[in-house]
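There are 2 protein chains.
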Amino acid sequence: MDAAGYPIPGQTTVYDTSASIDLENAPLDGGFLAKTLILSIDPFLRGKMRKPEKKSYSAEFKIGEPLYSYGVARVLRSETPDVKVASTLLAILFVPFSEYAIYPPTVLPSLTVVDKRPDLELRTYVGAAGMPGQTAYSGWKEHADPKPVCVSFSFISGALKEILKQNDVVFVTTGAGPVGSFVIQLAKQAGCKVIASAGSEDKVAFMKSIGADVAFNYKTTDTREVLQKEGPIDIYWDHVGGEILDAVIEYSAENARLINLSMAVGKCLHLHGILVFRIFHKHAKAFWDEIPPKLASGEIKFREEVTKGLDKAGDVILAVQKGTNTGKAIVVVAEE
Amino acid sequence: MDAAGYPIPGQTTVYDTSASIDLENAPLDGGFLAKTLILSIDPFLRGKMRKPEKKSYSAEFKIGEPLYSYGVARVLRSETPDVKVASTLLAILFVPFSEYAIYPPTVLPSLTVVDKRPDLELRTYVGAAGMPGQTAYSGWKEHADPKPVCVSFSFISGALKEILKQNDVVFVTTGAGPVGSFVIQLAKQAGCKVIASAGSEDKVAFMKSIGADVAFNYKTTDTREVLQKEGPIDIYWDHVGGEILDAVIEYSAENARLINLSMAVGKCLHLHGILVFRIFHKHAKAFWDEIPPKLASGEIKFREEVTKGLDKAGDVILAVQKGTNTGKAIVVVAEE
Chain B
1 MDAAGYPIPG QTTVYDTSAS IDLENAPLDG GFLAKTLILS IDPFLRGKMR KPEKKSYSAE
61 FKIGEPLYSY GVARVLRSET PDVKVASTLL AILFVPFSEY AIYPPTVLPS LTVVDKRPDL
121 ELRTYVGAAG MPGQTAYSGW KEHADPKPVC VSFSFISGAL KEILKQNDVV FVTTGAGPVG
181 SFVIQLAKQA GCKVIASAGS EDKVAFMKSI GADVAFNYKT TDTREVLQKE GPIDIYWDHV
241 GGEILDAVIE YSAENARLIN LSMAVGKCLH LHGILVFRIF HKHAKAFWDE IPPKLASGEI
301 KFREEVTKGL DKAGDVILAV QKGTNTGKAI VVVAEE
Chain S
1 MDAAGYPIPG QTTVYDTSAS IDLENAPLDG GFLAKTLILS IDPFLRGKMR KPEKKSYSAE
61 FKIGEPLYSY GVARVLRSET PDVKVASTLL AILFVPFSEY AIYPPTVLPS LTVVDKRPDL
121 ELRTYVGAAG MPGQTAYSGW KEHADPKPVC VSFSFISGAL KEILKQNDVV FVTTGAGPVG
181 SFVIQLAKQA GCKVIASAGS EDKVAFMKSI GADVAFNYKT TDTREVLQKE GPIDIYWDHV
241 GGEILDAVIE YSAENARLIN LSMAVGKCLH LHGILVFRIF HKHAKAFWDE IPPKLASGEI
301 KFREEVTKGL DKAGDVILAV QKGTNTGKAI VVVAEE
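Listed in order, the protein sequences are those of chains B and S.
If you read the first sequence in full-length UniProt numbering, its first letter stands for residue 1, the second for the next number, and so on.
If you read the second sequence in full-length UniProt numbering, its first letter stands for residue 1, the second for the next number, and so on.
Bound-form chain B, shown alone (with noise of 0.2 angstroms):
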């Protein structure tokens, strides 16, 4: 790696012409032999490139070896029983970075048999219909959940409000990507607002092709303008976390959404932060119904510290703040 942190062609990412392979007799241990078709370069790769002291979701390149992609490959032998030879075509994570490869029957799980559309080429199974589409799709359906046009009841300076919403506000980090450009489009199709962002001049005409409403490069427009002025957000799709990752915190609306694809959430985390207010009507029945009935008979338990007299009141308060009590902070004002 240079100074920067990046791979040095040649250096450290080395083109190695010296292995060979024996295409006719390699023995196959119940694997398959196959040759390798397409590979795609991710960001992904660069968390793999690292030390293996390093932790991670997904093991780290060893040195020596050859890198390792999501690709497509055809099948030229095959002991393994549902991998057939010369017609199937796979999308496998992973493919090495070499010209043939020979791959365990325990790869199986890890491969998708492409069914090759003939109005499709094979490489968009690596990128639009593969990983980048598959991410986009899929962390969308799960947690994006947009609503177009709604009408909400809120309660206002004491009185209940009908609000009539437009559209859930969407944005976009790395727009322009395999990742980000699909989901502006699946935004746009849901019938949302979408504001994208990226750093090119270029990367912004096509974000504005492809649907976004606001699009803009993150490197000569402030980002906490555009989202005051176009905001609040209630999805953000989000490659970057760090400050941007703040400022739309500070910017986005009620039960916003934030799908996050950073290292830091590298678990499958799932952060939610409840208002005991917004949430309690949908579960008031089975709590009435359910929890009085336990606390009278001691099956749950509970703690209250019991102070009389209004007087006492700001005693009390201090108490609470400083983390004395022991129990539930009451004060009982008047007896029925």
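Some hints here could point you the wrong way.
It does not matter which identical chain is meant; a pair holds if it fits inside one copy or across any two.
As the list claims (entries may be wrong) - Mimicking PhoX-like on lysine-lysine, the simulated pairs with C-alpha atoms at most 20 angstroms apart in a straight line are:
#	residue 1	residue 2
1	208	267
2	188	294
3	141	285
4	141	193
5	147	116
6	267	84
7	301	188
8	35	312
It is worth saying that the hints were derived from the structure and are not from the lab.
Note that this is a predicted model, so its numbers are computed, not measured.
Mind docking chain S on chain B? Use the hints.
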């Protein structure tokens, strides 16, 4: 507030006996007059003791006006159709810190008519049967998704392995408080292993008495060491944020659920980390049915940057890491 940010009873929180009210004749203007019986003292009151410039999900207290909180009051007179005199007991958000108060009719949506059980004290309706209990219950039901015993399949070293997972592991901070102690008991009832922390030996003893499997004093025991030994954490009930939240993220299991009550997410935000290979299976059929035809027809657009030759792979890897590519980076190693 004193130098440490605590209120000073008698100075910043004042018991004021100067006001008076004519209980028989004070005009109600369509509202109702009620006698305050119970007041709840909660940590959230601190958030309302702030300068009006600072925005939050709940309004700030006004200098010179009575504080208010959750409470129970008995109705003495009423001009509000749905609020009945005498027999009606109400848990109201928000009851002013005064012996009597006139409530406008617009307060109606924020009050719960308590169907008081003879075997529960009225005060418990602001505690375990009130906001703290409701917070624990609805946050847990909404987001915890506890799995006491489950069989999962994981792809380990190239083979699908069946893993019997004994219990979800739950970590609760502020575990002796009204919300945390409720969560500990919900988690135990769901069959989980529960780790709980609090700030005194008395609180540790209480947490053990209500079922916590591992209870510790965070002032004398290092949280990180406990999590490393007793984790990984599947469900985290976060009252504290900051370094402890960072530690939990480090020692959490995949797909962990983090339920956060800190001010930072006072907007009910939902942050989801995603890894495509953990969720795609749920959406695979829909993806393969819907997406390839849309890619072929041009309804969903995509850009590809194709490089031919395995010997160029190192250059493409560098371009992707620098972000200079303008389409999905693909290396074509061989034509079919």
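Against the structure, the hints come out as follows:
1. 208 <-> 267: neither (33 angstroms within a copy, 30 angstroms between copies)
2. 188 <-> 294: between (48 angstroms within a copy, 14 angstroms between copies)
3. 141 <-> 285: between (29 angstroms within a copy, 13 angstroms between copies)
4. 141 <-> 193: Answer is within: at 17 angstroms inside a copy they meet the 20 angstroms cutoff, but 32 angstroms across does not.
5. 147 <-> 116: This pair counts as neither: shortest intra-copy Cα distance 34 angstroms, inter-copy 39 angstroms.
6. 267 <-> 84: For residue 267 and residue 84, neither the intra-copy (35 angstroms) nor the inter-copy (53 angstroms) Cα distance is at most 20 angstroms.
7. 301 <-> 188: Result: close only across copies, 12 angstroms inter versus 50 angstroms intra.
8. 35 <-> 312: Between copies only: 18 angstroms across chains, 81 angstroms inside a chain, cut-off 20 angstroms.
Checked against the numbered hints above, the structure breaks hints 1, 5, 6 and satisfies the rest.
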